[in-house]
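**Student:** This is what each chain is made of:
Protein chains: 4
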Amino acid sequence: MLKIGVVGYGYWGPNLVRNFSELDGCKVSAVADLDPEKVALVERRYPGLRATTDVEGVIGDPAIDAVVIATPVRTHFALAMQALRNGKDVWLEKPMTETAEQSRRLVDEAARLGRLLHVDHTFVYTGAVRKIGEIIASGDLGQVLYYDATRVNLGLFQHDVNVISDLAVHDFAILDHLLNESPVAVTASGTSHYPGTPENLAHVTLFYNSGSIAHIGVNWLAPVKVRQVLVGGSNKMIVYDDLNPSEKVKVYDTGVSFATDPNQIHQMRVGYRTGDMWAPKLENAEALRYAAEHFVKCALARRPTLTAGEAGLRIVEIIEAATESMRGRGRTVRLQGAAVHA
Amino acid sequence: MLKIGVVGYGYWGPNLVRNFSELDGCKVSAVADLDPEKVALVERRYPGLRATTDVEGVIGDPAIDAVVIATPVRTHFALAMQALRNGKDVWLEKPMTETAEQSRRLVDEAARLGRLLHVDHTFVYTGAVRKIGEIIASGDLGQVLYYDATRVNLGLFQHDVNVISDLAVHDFAILDHLLNESPVAVTASGTSHYPGTPENLAHVTLFYNSGSIAHIGVNWLAPVKVRQVLVGGSNKMIVYDDLNPSEKVKVYDTGVSFATDPNQIHQMRVGYRTGDMWAPKLENAEALRYAAEHFVKCALARRPTLTAGEAGLRIVEIIEAATESMRGRGRTVRLQGAAVHA
Amino acid sequence: MLKIGVVGYGYWGPNLVRNFSELDGCKVSAVADLDPEKVALVERRYPGLRATTDVEGVIGDPAIDAVVIATPVRTHFALAMQALRNGKDVWLEKPMTETAEQSRRLVDEAARLGRLLHVDHTFVYTGAVRKIGEIIASGDLGQVLYYDATRVNLGLFQHDVNVISDLAVHDFAILDHLLNESPVAVTASGTSHYPGTPENLAHVTLFYNSGSIAHIGVNWLAPVKVRQVLVGGSNKMIVYDDLNPSEKVKVYDTGVSFATDPNQIHQMRVGYRTGDMWAPKLENAEALRYAAEHFVKCALARRPTLTAGEAGLRIVEIIEAATESMRGRGRTVRLQGAAVHA
Amino acid sequence: MLKIGVVGYGYWGPNLVRNFSELDGCKVSAVADLDPEKVALVERRYPGLRATTDVEGVIGDPAIDAVVIATPVRTHFALAMQALRNGKDVWLEKPMTETAEQSRRLVDEAARLGRLLHVDHTFVYTGAVRKIGEIIASGDLGQVLYYDATRVNLGLFQHDVNVISDLAVHDFAILDHLLNESPVAVTASGTSHYPGTPENLAHVTLFYNSGSIAHIGVNWLAPVKVRQVLVGGSNKMIVYDDLNPSEKVKVYDTGVSFATDPNQIHQMRVGYRTGDMWAPKLENAEALRYAAEHFVKCALARRPTLTAGEAGLRIVEIIEAATESMRGRGRTVRLQGAAVHA
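Residue numbers (my numbering), protein chains in the order written: chain A, 227 to 568; chain B, 227 to 568; chain C, 227 to 568; chain D, 227 to 568.
Calculated from the structure, these hints are not laboratory results.
Hints should not be assumed to be uniformly reliable.
Treat identical chains as interchangeable: a pair holds within one or across any two.
[Claimed, not checked] Using 25 Å as the maximum straight-line C-alpha spacing, the simulated BS3-like pairs for lysine-lysine come out as follows:
id	residue 1	residue 2
1	229	264
2	523	357
3	523	253
4	229	451
5	451	357
6	229	253
7	357	476
8	507	357
9	229	523
10	451	507
11	476	507
12	476	451
13	264	357
14	264	476
15	264	253
16	229	507
Given the sequences, and given the hints that come with them, work out the whole structure.
**Tutor:** Structure, rendered in structure tokens:
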């Protein structure tokens, strides 16, 4: 039985408390939030549960095995480091930390102390992304030629993060999960349309050594919400529309074959083998539930989760590099993380 | 009565001959194509019409007032220059020429000789783009904050042009028409997935002095066809989906208003005034018919068309700059054309 | 402060308790369900609330002003009658009762005792239906020529009601709300595909004295879910798609005008004035919340609700008539309710 | 080489002439239309082709083997009878004739004289309907439980036929092709919204001995165009959307399995085995081309076509019965054609 303390009961905290509460194999022992109103809210909803403004007390509580941190990103590093040093396993909301350097130090500390360090990149646990992962892993798609995402919103402007950190982060995590390599370079362009606010529109391109290329377009100022990804393989191609209630993932038998026409020197035709489309059934359980269960199992078995600190770090590195490129109007920024990851 | 000679009867030529044939105020006097089979095809379809392989003869024919050139792009410069020097008005298919330098020389020669030089950026003449132009010109949209286009295809690989020149060119022309300014810088990324073929996937960002930003994603290897543009204004926003048969243009009452919440320091909310959506009725006449009629009227009245050589040149400059940036992995390329155009 | 007792905590009861709990002006005093597990569930969720298996006790409790009944339909009549006779205002789930005769007796009893009798036809309180009602009431639509609904499902087979009673009931209620008249005749066809189960597919046509005609197609065995209604008026027409998240109601400037062509005797053309489309902003508050608030206000002000017992009765009459027609393979069944209602 | 005479060059005639002209194995020898303007149009378009107002001359021309009749429906019977008696094979546009009696006499005469009699129910030859036919024939769908079509239009009001004859006729033909049985009864309701015009809105239900049920909703006054058919089988279900450019036919692994729950007497749950969806590749050749080729082959091989006179007759019988039922406000009309057809 894993005893869990949750720190932060703002936007996402209630979902975490609800999911961990309903899981077998773990127990939410305490919830901490600096805001007394949030504490009162927890008490109303979960009469038997210890709710407190004493964050330090929860992180240091010897009866607690794992700390789930759902606070603003600028507090992630300090809280997670403290929890690790108190011997806790740690679940961190995304993005992992404000800087890659902070993430690197957390990864090192977790390794040194033998603690789990998990980052909540929830999309990786959706039925859709898991199905796409299976299709790629099976070889059916062939080589991944490109990944192209549009993620635009009628949303909230955030004060402390830009739109890359808020929205493109999901695609960075999905790519980290789907591909066996990390990008070697990034270029991004974007802008803020309102003085004094973070960038609200951005386009990011990631380059990979294999020749794969990924593009992510994000925008907080769109008239409609779009969540669409194209994944082009050398054998098949996928359209992943996260807002389609019944057919989120469509797989097209649409390979390419070249047909040279000797009579026409100036035009080369690509013959499309356009075949059937197939929309596989997806598991539609709540992704957060799936992730929470995965975390509890890994913690009990003492093995890392699918989105461990190392993945979280790689993603923060991409956010940093993309933001740097965007502020340099598209200047290419190299990434070290070229090595194929396990 | 404008007497027209058409040069080139390949993919687009038949549409040009058909449209000019059915117009009042002009007459197709001759059609030339180097391929005798094409000539025979014209003869079958238009028994009374002079069809010939003698391109020079048509371009030099004193009885012809205007030459319509629908040949491969690498022949545009020489044919158009010859036609201008023979005193003809010229209609050129898009893109105008292979290089901006060539376009510049054509523009100069046309000005010197007082001839019309028109580039067939047909999208500018569609009911949809004209309606969007009216909405922007009326001030209803407010300031144009961004333009974001996705134009992907199950199409033909072309041998002599890349995907920017084939697809993004449409957006460069639309932007040139909609905005009162030209971009001052461009950055692009893209790739070719098949050795020895031009780039088949690209993402282009254009920067404007006013703060507007435009992005165009183009792809010849997509499993589905998409033709979607978002235009974000400070008052309203537009979704333009060229494949939607009944609602190509949707206008959203979706301005932005900032609502600062003093209690929450770390998050700034943007309140959306989300209101009605309106899908105006569009003229659905064939855009090419509209353009042909416009060309004939302008030729008879001796005034330039909406998409004259100067516009064609600006667009070729952007194609050149975007391709240069793409080959430099996103390096920013400056454009001179910053001045607000008339 | 209206004190409310809720009877039945199955599928819909939890939504009722949640909504009435969060409203000002009323208080949920007790919840009764025959199933001890349901009672335990209420106690866990609402520690301070009286939960009991003693249904009679709640209906007879002098401290309770209004009884909300969310039990199987075959119990509606007895429970509602008992509650009325105990002096309670009554909220009944839909359909009102098993037979029109029962509904008639409840209406009479409520009138005799001066009690509110409300039937929970929730759709009438949605932002979409209220907006359509406004458009019709304003005269913008012109005369209502037809109403055509498709309401198909991957759903549950119900044991005690057929698909008309389960799904078409929503359209009967919407029609009762939108039109100023009741149907004078009904014809229906349908079938059960599994022996011993109620009809799972049906098509119902309602005829009105004004010439309006309504059709409702319902089906429990569809591969996809559809909730679409066309409302054709003499001036404008509406498409109401309840599953469209952003544009549920679309209004088309699509009146009809006849254009006779003297040269063509055998064909009469209808010229369509096809104009703009407009998708008005809708209130997207939860319809049940809106209905609950309306009930509380009406109870405190002692005036009938929009979907009072009289409406519930008319709807049960149509269900009865449609089922009778369906079992007679489409035989026309007359309805008395022809009179224009207030 | 089949020599063909085409009679009628109005709306559909040009498509017939174009398709038969481009086919191998046949030759269009003459086109007749009473309207001299139509004759002139043919001459302009097909300089070498004999065009005439002399309909009788074409039907009686000894050099002609087959007559294609694309005139108003009220002339079908007389022209086809004359052509048969002149020893011609006959292609008739749909619907076959004004009355079933006329169709019956044509079928008898064609049989007596050994002539082909073909009715142009083009939908039967589309890639979509042929694919659905294959799926049903293979047994994959299981037993056909229902067919439910919505076919609504912003169209033309026709003077001489009602909306059943204009639109539902397509579904009658598709059903005749897909099912191995004919309906035994029909019930229909509908109305005309404009005095003196044929019914512009109708709902038709067909009953089959096997328990299958078909419904067709048709409407000339809709704000949007819809062409959607659901086909429910005991194993799989199909959605056929003729307006979907890329996925006209979708096949759902959506059988039904009953799950009785002993604890809940009053509700019986149907558990849905919801599985994958599959959108097969369809042949997208023009259906009329396919039908024309089929007719020529059958004429040369002296065997009946897929939509021979017998099918055309069955379809006219249903039109007659449905119209009779509609005018009797849904009165059931029995059909003799119950026998399973080959």
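**Student:** Which hints from the list above does the structure break, by number from lowest to highest?
**Tutor:** 4, 13, 14, 16
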